[in-house]
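Make the full structure from the sequences, and use the hints.
There are 2 protein chains.
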Amino acid sequence: MRVEDYILKFGIKPLVQRVAVMKYLLTHKTHPTVEEIYESLHKEISTLSKTTIYNTLKLFVENGAALQLNIEDKCVHFDGDISAHAHFMCQHCGMIYDIFPSKMPIINELSTLEFGSHNIQNVQLNLTGVCEKCMKKQKNKETK
Amino acid sequence: MRVEDYILKFGIKPLVQRVAVMKYLLTHKTHPTVEEIYESLHKEISTLSKTTIYNTLKLFVENGAALQLNIEDKCVHFDGDISAHAHFMCQHCGMIYDIFPSKMPIINELSTLEFGSHNIQNVQLNLTGVCEKCMKKQKNKETK
DNA sequence: TTATAAATTTGTAATGATTACAAACTACAA
DNA sequence: TTGTAGTTTGTAATCATTACAAATTTATAA
Chain A
1 MRVEDYILKF GIKPLVQRVA VMKYLLTHKT HPTVEEIYES LHKEISTLSK
51 TTIYNTLKLF VENGAALQLN IEDKCVHFDG DISAHAHFMC QHCGMIYDIF
101 PSKMPIINEL STLEFGSHNI QNVQLNLTGV CEKCMKKQKN KETK
Chain B
1 MRVEDYILKF GIKPLVQRVA VMKYLLTHKT HPTVEEIYES LHKEISTLSK
51 TTIYNTLKLF VENGAALQLN IEDKCVHFDG DISAHAHFMC QHCGMIYDIF
101 PSKMPIINEL STLEFGSHNI QNVQLNLTGV CEKCMKKQKN KETK
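In order, the protein sequence lines correspond to chains A and B.
FYI, the numbering used here numbers position 49 of the first sequence as 49, with every residue one higher than the one before it.
FYI, the numbering used here numbers position 47 of the second sequence as 47, with every residue one higher than the one before it.
Heads up, none of these hints are tricks.
One side only, chain B facing chain A, incomplete, derived with CB under 7 Å: (1) Val-76; (2) Ile-99; (3) Ile-106; (4) Glu-109; (5) Phe-115; (6) Ser-117; (7) His-118; (8) Ile-120; (9) Gln-121; (10) Asn-122; (11) Val-123; (12) Asn-126; (13) Thr-128; (14) Gly-129; (15) Cys-131; (16) Met-135.
Just so you know, the hints here were simulated from the structure itself, not pulled from any lab data.
None of the values given here were measured: they were computed from a predicted structure.
Glycine included, C-beta positions come from ideal geometry on N, C-alpha and C.
Structure below.
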């Protein structure tokens, strides 16, 4: 499906900037920040402004076309994968890993959670720690 | 137990500023921000600086004496309750509700989660939406 | 005690992500 | 073609957080 049609399904008018941002999100599973998206897309679309990226991502999130991850305090990350999954962020390298229900079945239960009469609109399961790669690096340093 | 002894158990030297901040966290279950803590404690301890509150909270979090909640993008919240529980933040009023395992049994499973060979140090389950109070307010407006 | 070193606090300045805003531009319908 | 609403853009402002060095407090050792 064309990205134009994809974002249309969320009620979002497919303007060039928006299509570019969504295309970026869908092809880069790195949970990018505004800065990263800007640095990359600015090369293709030289007139693209950072404000537009902020506006566009806000629009995506409000319409359920993307997820905003508040997993760290430095800055916000975005995710074009709106399927049920959790995230693990490494405190050393900053990488954010996806965790899918096949690896963590509890994730399947998150969509049915209830909390009194409150209206739940979003559920996020955020893990932090040290990733395997960084742990190995640490061990190597220790043995030197 | 005195707050002095409580933070000592986390290996934190109980200086007056630290005791004041921890006392605030333990008596205000509102998941305060640095700003809120500062505004309140500044009245008692006029010399207390915001930087010290930042330093102190960082120390608490690093030593497991408090939780840092990244549930929204505006600013960070802190929680002196380190028992297993989740949070629900209302998008309208900004209030953060505690969710304890008795109301949401899945929370009990969070401490035993595993993800490959990665070293998990922290797990947070964050819900957002509209709280009961704010939904009622909305309904009242609609019927007027 | 007293002197000295180490740790901590404080206030200010700097940083950097995010937002506000108004002017310029674009899409689209009459 | 023209008008209007919607969108983008660049700049300036905001505001939470951090850096930093001086001042202060606490711990240590003589």
